[in-house]
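> Sequence:
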Amino acid sequence: MTRFTSDVDKVHEKLAKVLEPTPLQYNQYLSSLYGARIYLKREDLAPVRSYKIRGAYSFLMEVMEKDPKHKLFVCASAGNHAQGFAHACRHYKKKGVIFMPVTTPQQKIMKTASFGTPYVEIRLEGDSFDDANAAAYAYCRDQGGMMVPPFNDPKIIRGQATVGKEILEQMPEGEAIDMVILPVGGGGLSAGVTRYLEESGIEPEFVFVEPDKAPSLYESLRQGKRIKLSQMENFVDGAAVAQIGKHTYNQLKKYSADQVLLAPTNGVCGTMVEMLNVEGIVLEPAGALSIDALKRLPVDRVRGKTIVCVTSGGNFDFERLPEVKERSLKFSGLKKYYILQFPQRPGALKDFLFMLGPDDDIARFEYLKKSARNFGSVLIGLETTKPENFAKLTKKLDIAGMRWQDITDNEIVGNLVV
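Residue 44 in this note's numbering sits at position 13 of the sequence shown, with consecutive numbering throughout.
FYI, nobody ran anything at the bench for these hints, they're computed from the structure.
Everything numeric in this text was worked out from a predicted model, so none of it was measured.
Hints are supplied without guarantee of correctness; some may be wrong.
[To be verified] Pairs of lysine-lysine, BS3-like flavour, derived with a Cα cap of 27 Å:
#	residue 1	residue 2
1	K284	K256
2	K102	K139
3	K126	K100
4	K186	K102
5	K381	K427
6	K356	K139
7	K356	K97
[Unchecked claim] Pairwise CB distance ranges, derived in the manner of DEER restraints:
#	residue 1	residue 2	range
8	G364	D429	35 to 41 Å
9	R34	R351	27 to 33 Å
10	N308	K423	43 to 49 Å
Heads up, the beta-carbon is just placed ideally off N, CA and C, and yes, glycines get one too.
Build the full structure now, drawing on both the sequences and the hints.
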């Protein structure tokens with residue numbers, strides 16, 4: 032046993048007094064689908080529906096062991112870390128101040144407050160996480176508070192590493208783990224789990240999954256140094272981090288960029304819808320990353336293997352469900368948006384409708400404006416049952432001499448008119 036695994040075991044022993052272990056569940060649906068033995072480590076079933084609670088508790092426990100009288104803890108977060116932090120502050124009856132961007136949805140603010148009342152105060156600062164984070168550090172300096180970071184701290188990493196300990200304890204006796212798939216944001220979970228498993232003598236194949244529009248670990252490994260992304264998309268907000276942590280990178284830098292899988296955001300939405308419809312499992316975008324990876328890996332790396340997927344979170348706002356379904360349909364090729372130029376004559380719309388197949392359905396129809404005397408532009412959204420149906424439709428449009436443009440994947444135009 033190494034010093035690290037021993038420390039993690041001690042953290043887990045203390046956590047067990049306040050937090051129930053999350054289950055490791057064999058999933059028959061995914062196992063049959065991929066011809067493998069797929070287990071889900073259900074961190075989405077933690078008290079705050081995320082593994083982040085482990086790191087927050089670990090941090091506060093270690094600080095209070097050394098300084099029981101410390102009164103003020105601070106964090107910056109608009110997501111799962113804030114909720115785990117609030118839960119821990121209330122349990123230990125310690126004052127906590129959480130800085131969130133002004134743009135944080137009210138639902139997240141209320142949920143975080145409910146976990147921490149009456150010990151937690153929420154302050155809204157700035158338009159971005161960076162603004163809130165800077166305000167949190169300034170507050171710590173002024174008030175003598177202790178900053179609790181979301182991932183870049185050894186105490187946080189030891190807390191997240193308890194996920195690895197539970198995986199080993201919960202695997203069926205005699206069954207070896209061939210692969211562990213881990214979502215990556217700041218890297219706290221991956222750094223902790225990989226180190227714990229390796230130093231316990233277990234060395235499965237590790238696959239790390241990041242959103243394709245926020246590849247901070249991938250780019251850092253590819254360039255051989257910790258880099259900061261100049262821009263990123265934050266739809267997969269639980270894993271959208273511009274720069275991986277210094278402590279987490281030191282553990283993960285030995286791995287290859289080839290071990291990092293970049294998951295397309297719209298594809299992840301498809302996985303979320305699939306798991307909700309088929310298994311009744313509610314996952315946030317980051318929580319679905321590890322399952323989505325199964326679709327992206329070569330068949331020979333998956334078939335016949337025993338695989339553990341860490342479902343890292345289930346804090347999903349159902350008001351986002353229409354957007355998730357929309358993204359899923361577009362990614363699967365079952366929904367498209369077109370700009371069509373209709374001749375300005377009686378019967379033009381009827382002619383177009385007869386071009387549609389029996390499985391094509393109009394989801395949106397909007398006359399934009401009369402562009403010229405002889406035609407007008409129409410925005411139309413179509414759903415169908417097979418992607419190839421769109422090729423049939425566009426062929427009919429070409430034969431009819433109708434001008435059209437597919438704007439489905441044009442983000443600038445799409446965000447303007449859809």
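> Please flag the earlier hints that this structure goes against, numbers listed from lowest up.
Of the numbered hints given earlier, those the structure breaks are 7, 8, 9 and 10, listed in rising order.
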